[in-house]
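Novice: Residue numbers (the working numbering), protein chains in the order written: chain G, 1 to 285; chain D, 1 to 264.
Treat the hints as calculated values from the structure; they're not laboratory data. Check the hints yourself; a few may be wrong.
[Unchecked claim] Covered stretches of chain D, as calculated for chain G (at least 3 residues, CB under 8 Å): (1) 1 to 13; (2) 33 to 44; (3) 66 to 78.
Built from N, CA and C at the ideal position, the CB exists for glycine as well.
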Amino acid sequence: MAAVKKRWWWVRSAIQVFFFVLVALTALNETLNNYGINIPFIQKASLHALCPFGGVVSFYQFISNGTLVKKVHESSMVLFGITLVLLVLVGPVICGWICPLGSIQEWIGKIGKKIFKKRYNTFVPSKLDKVLRYLRYVVLIWVTYMTIVSGKLIFQDYDPYFTLFNFWTSEVSLAGIIILTLTLVLSLFVERPFCKYACPFGAFQGLYNLIRIFPIKRNVATCINCKACDRACPMNIEVSKAQSVRDHQCISCLECTSEVACPVTNTVLLAQGKFSDTRAKGDVS
Amino acid sequence: MITIKRPILALIIVLGIFGGILLSNALGYWKTESTKTPATIKTGTFAGMADPGDIRGSYTFLDIEKAFAIDATILCSSFSTATIIVKPEDKVNTLETLYAGKTGTKEIGTDSVRLFVALSKGIPYNPGEGTGLPPNAVRYLMQNKLLTAELATLYRVTELESSVPSQTPPVSSEQATTSQTNQSTGGTASQTTSEHTSLPKTVTGSTTFADVLSWGLTEKEIETIIGFPLPQKTAVIKDAVTSQGKSFGTIKTALQELINKKNQ
Chain G
1 MAAVKKRWWW VRSAIQVFFF VLVALTALNE TLNNYGINIP FIQKASLHAL
51 CPFGGVVSFY QFISNGTLVK KVHESSMVLF GITLVLLVLV GPVICGWICP
101 LGSIQEWIGK IGKKIFKKRY NTFVPSKLDK VLRYLRYVVL IWVTYMTIVS
151 GKLIFQDYDP YFTLFNFWTS EVSLAGIIIL TLTLVLSLFV ERPFCKYACP
201 FGAFQGLYNL IRIFPIKRNV ATCINCKACD RACPMNIEVS KAQSVRDHQC
251 ISCLECTSEV ACPVTNTVLL AQGKFSDTRA KGDVS
Chain D
1 MITIKRPILA LIIVLGIFGG ILLSNALGYW KTESTKTPAT IKTGTFAGMA
51 DPGDIRGSYT FLDIEKAFAI DATILCSSFS TATIIVKPED KVNTLETLYA
101 GKTGTKEIGT DSVRLFVALS KGIPYNPGEG TGLPPNAVRY LMQNKLLTAE
151 LATLYRVTEL ESSVPSQTPP VSSEQATTSQ TNQSTGGTAS QTTSEHTSLP
201 KTVTGSTTFA DVLSWGLTEK EIETIIGFPL PQKTAVIKDA VTSQGKSFGT
251 IKTALQELIN KKNQ
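Let the hints inform the model, and build the full structure from the sequences given.
Specialist: Written out as structure tokens, the structure is:
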């Protein structure tokens, strides 16, 4: 079987690095602004202003009385709108390509992979893992309800994303620091632990996997069942058992596709419609 | 079958995000900072007035002066002590840092400013549990008959008493309004009325229509005196009448006479 040339494997990493740096510089700029310093080309904005989750938790207040939850700005609503369009079209790409917290977990995970090799990402017993995957919906419901009731960004004190880019300020809480530390340490053993088990925004986005227009599709006719797609999936989804991946945990990272992990061309794709390719299994040309 | 390849998806994401931002910016929806203008109260007696409950931690004391017509120097002196000096250009949320660890079980921060402004303007406000006021703020409110002794005890942060400067904050006659504050703990309301001769309900250059309304005048009475429909209640009377080409001195006298008559 000839090796398939993987030309675009670096694209996602490049975008992840770009958005991580952009968010870090924006957060730093916010602090420097207090000392009269402004980083060139970086817009003056708080971290909340650049987080679409503010739009999710503000939505009720916005609809009911036209105002936003404290600290949330109109830009959050705009980003929420953009996120919705992307979700319906291609699923949770914000999780897989943009979210800096997801990215840093992934990067630490690379160290974990080097340490634990094949054992990495398999430490949580399967039965427990399946139950824990629904925990993030509990978090989503709790955060949304508490935000509606209090009119405040209740999640800020627990949010590892906020803590990651504000750890040098007095705005972070002890709970936030503990959760961030735990997330980063656990990333050495489990890939994207916060995304899998606790992220409320990930939970919200995950639901769109059920209705997205372009899901991940597997061509059963050409699939050689090597399970390379399963091993590549950071969210432990068994892509090799699905024809169309509708798992609520998919983050649209495309790591399982024929462009990265799958050794057979045009077998695992982000696509809409039916496969017309009925080549013999394992044909890579 | 329609497929989206990796570079195309990257393009969709980047163009979707930055295109959406550019479009919303062009339409005027892209705002990453608050306008420093609190939301207005929608219903009830105070409808149309700025809502103290919407004061954000990012507001400076100057922003609050602009929004609520309360002199920033009064706000700053009320929230200062002998060792903590608050400046008009400071953000409200800096109070949390300045008073950290010095206020016992109570907290002095953004909610304290909301409470102070609400009491000053006579607008009902339910402060959070544990919200406190510095001694200067309590003293100012009590001198202006805006706070009862019972509520003063509830809000006063006794841990700060020893650091209070000998000089009390300046007293503004503007702030001598009726105070009605519901307590989140007991749900009771207190109402005090100014009777102090040195703190009259005096119309000055910074008095707003909301102030004179809270001093007992009706909208119709005000309109009769100023000779035009009542503008926004938070508008400063002097600015409104001079913009209409009228003499503020004459209107001020007429308003004052009516206020005095009603409060006799």
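Novice: Give a verdict on every hint.
Specialist: Here is how each hint holds up against the structure:
1. For the segment 1 to 13 of chain D, the stated coverage by chain G is satisfied: 11 residues place a CB nearer than 8 Å to a CB of that chain, which reaches the threshold of 3.
2. Requiring three or more residues with a Cβ within less than 8 Å of a Cβ of chain G, the coverage given for the segment 33 to 44 of chain D holds, as 4 such residues are present.
3. Only residues whose C-beta sits within less than 8 Å of a C-beta in chain G count toward coverage, and the segment 66 to 78 of chain D has 0 of them, not enough to reach three; the restraint is violated.
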